[in-house]
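A.B. asks: In case you want the letters, here they are:
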Amino acid sequence: MNAFSKGLKTGIPIGLGYFAVAFSLGIAAASAGLTPFQGFLTSAVMNASAGENAAFIAMKESVPYLQMALITAVSNIRYVLMSFALSQKIDPKAKMIHRFLLGFFLTDEYFALAISQDPYCDPYFSYGAISFAAPCWALGTALGILMGNILPPRVVSALSVALFGMFLAIIIPPAKTSRPILILIILSFVSSFLLSRFTSLSQSTITIILTIVISSLGALLFPVKGGDHGS
Amino acid sequence: MDRNFYIYLLVMGVTVFAIRVLPLTLIRRPIRNRFIRDFLYYVPYVTLSIMTFPAIIDATSNPLAGLFALMAGIIAAYKEMGLFKVTLVCCFSVLILEFLL
Chain A
1 MNAFSKGLKT GIPIGLGYFA VAFSLGIAAA SAGLTPFQGF LTSAVMNASA GENAAFIAMK
61 ESVPYLQMAL ITAVSNIRYV LMSFALSQKI DPKAKMIHRF LLGFFLTDEY FALAISQDPY
121 CDPYFSYGAI SFAAPCWALG TALGILMGNI LPPRVVSALS VALFGMFLAI IIPPAKTSRP
181 ILILIILSFV SSFLLSRFTS LSQSTITIIL TIVISSLGAL LFPVKGGDHG S
Chain B
232 MDRNFYIYLL VMGVTVFAIR VLPLTLIRRP IRNRFIRDFL YYVPYVTLSI MTFPAIIDAT
292 SNPLAGLFAL MAGIIAAYKE MGLFKVTLVC CFSVLILEFL L
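In order, the protein sequences belong to chains A and B. With my numbering applied, the first sequence corresponds to residues 1 to 231, in that order. With my numbering applied, the second sequence corresponds to residues 232 to 332, in that order.
Chain A extracted, bound-state conformation (with noise of 0.2 Å):
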């Protein structure tokens, strides 16, 4: 199986998350009166769950321009860091066209299946996970938009947690050998635990300020031995 059709098979898990995800969103966007294409739209350019969320708050309340530049750039800001981590996974010698798309469909998701690849992720395996699940997103959104609570809410729930157990298939395993990255997480699990319920913190300022911290620390407490990032 060639890397385009493999990543297709991994995308396919992901989109049916987004499709969930984008469509809760899209009930956010119709209640700030966004039209299905309008939404449609938004989610082709953005590729943001969190950060589509407070855009389509920010629309609502009709916030100047310059607000919007402000807010999008806050909610996610978390894409510096992982723009910065993924830079290092690119092959030097790839052509500048893979680092702009790889760039422009930079998501959490798309994030963990470049840097689970060693030495350099192959751009072809991403492209074939982003072409089904990015009209995922974006349909899942016009859909919201479109047809609100279609979808029993026992089926949401359970697709809504397709994303997280991604998340965990890509960071347990390492964790089996790595004792720093096995605490890390451990770390991460409590103290993200602890803003969220006991400071007015959002989820994004939370991530930007814990993912500063905890991996500076990690870094610190456990220097990587030389040759061992995978880079």
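No lab work stands behind these hints, which were simulated from the structure alone. Since this is a predicted model, take the numbers as computed values, not measurements. Glycine is no exception: its CB is placed at the ideal position from the N, C-alpha and C atoms. Treat the hints with care, as some may be off.
[What the hints assert, rightly or not] Some residues of chain A that are not near chain B, with every Cβ distance over 10 Å (derived):
#	residue
1	Ser-5
2	Gln-117
3	Pro-135
[Said to hold, decoys possible] With a Cα cut of at most 20 Å, we get these calculated EDC-like pairs of lysine to aspartate or glutamate:
#	chain 1	residue 1	chain 2	residue 2
4	A	Lys-93	A	Asp-122
5	A	Lys-95	A	Asp-118
6	A	Lys-225	A	Asp-118
7	A	Lys-9	B	Glu-311
8	A	Lys-6	A	Asp-118
9	A	Lys-95	A	Asp-122
10	A	Lys-93	A	Asp-118
11	A	Lys-60	B	Asp-233
12	A	Lys-6	A	Asp-122
13	A	Lys-176	B	Glu-311
14	A	Lys-6	B	Glu-311
15	A	Lys-176	A	Asp-118
[Claimed, not checked] Which stretches of chain A does chain B cover? Using the computed rule of at least three CB atoms under 8 Å from a CB of chain B, they are:
#	region
16	40-47
17	76-90
18	95-101
19	168-174
20	180-190
21	211-220
Given chain A's structure and the hints, the job is docking chain B onto it.
C.D. replies: The following block gives chain B in isolation, referenced to the frame of chain A:
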């Protein structure tokens, strides 16, 4: 919405594109600084962990179902069942538990 949707989308699109693409295109050589390399090595695991918990228990209609899916997902991932199967295990855990509760 009192303002123009398409101007909003343009502003959003340009901002998010800059955030995602600039670091990727400006940094084309391997980073030599040890701290930055190690920091970036850990970022994905940390970010994905933070976004998984407690979000997974907030995503389901019943938090217990989310917790059950988390446990089942960790076991399935520990057994290296692969992306697709781990995802299915999580979804079915929720379906089953929310059916029982």
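A.B. asks: Look at each hint and say if it fits the structure.
C.D. replies: Hints, one by one, checked against the model:
The non-interface label for A:Ser-5 is consistent with chain B: the shortest C-beta to C-beta separation is roughly 14 Å, beyond 10 Å. At roughly 12 Å, the least C-beta separation between A:Gln-117 and chain B is larger than 10 Å, which holds for a residue marked as non-interface. Every beta carbon of chain B lies more than 10 Å from that of A:Pro-135, the smallest distance being close to 18 Å; the non-interface claim holds. Taken as a hint, the A:Lys-93 and A:Asp-122 pair is honoured in the structure, with Cα atoms around 12 Å apart against an allowance of 20 Å.
Only pairs whose Cα atoms come within 20 Å are accepted, and A:Lys-95 paired with A:Asp-118 is accepted, the gap being roughly 18 Å. Between the alpha carbons of A:Lys-225 and A:Asp-118 the distance comes to roughly 16 Å, so the proposed pair stays at or under 20 Å and holds. Annotation: proposed proximity of A:Lys-9 to B:Glu-311 holds, straight-line Cα distance about 17 Å (limit 20 Å). A hinted pair counts as satisfied when its Cα atoms are at most 20 Å apart, and A:Lys-6 with A:Asp-118 qualifies at roughly 16 Å.
About 12 Å separates the Cα atoms of A:Lys-95 and A:Asp-122, which keeps this hinted pair within 20 Å; it holds. Pair hint A:Lys-93 plus A:Asp-118 holds up; C-alpha atoms about 15 Å apart against a cutoff of 20 Å. A threshold of 20 Å between alpha carbons decides the hint, and for A:Lys-60 with B:Asp-233 the separation of about 8 Å falls inside it, so the pair holds. Distance hint between A:Lys-6 and A:Asp-122 is fulfilled; the C-alpha atoms sit about 11 Å from each other, no more than 20 Å.
Among the hinted pairs, A:Lys-176 with B:Glu-311 is consistent with the structure: their alpha-carbon atoms are about 10 Å apart, no more than 20 Å. A hinted pair counts as satisfied when its Cα atoms are at most 20 Å apart, and A:Lys-6 with B:Glu-311 qualifies at roughly 17 Å. For the proposed pair A:Lys-176 and A:Asp-118, the alpha carbon gap of about 18 Å is at most 20 Å, so the pair holds. Look at the region 40-47 of chain A against chain B: 4 of its residues bring a Cβ nearer than 8 Å to a Cβ of that chain, three or more, so the hint holds.
Counting residues of the region 76-90 of chain A whose CB lies closer than 8 Å to any CB of chain B gives 14, which reaches the minimum of 3, so the coverage claim holds. Requiring three or more residues with a Cβ within less than 8 Å of a Cβ of chain B, the coverage given for the region 95-101 of chain A holds, as 3 such residues are present. Counting residues of the region 168-174 of chain A whose C-beta lies closer than 8 Å to any C-beta of chain B gives 7; at least three are required, and the coverage claim holds. Only residues whose beta carbon comes within less than 8 Å of a beta carbon in chain B count, and the region 180-190 of chain A has 6; three or more means the coverage holds.
Remark: the region 211-220 of chain A is confirmed as covered by chain B, as 7 of its residues place a Cβ nearer than 8 Å to a Cβ of that chain, reaching the required three.
Hint check: no violations occur; every hint is consistent with the structure.
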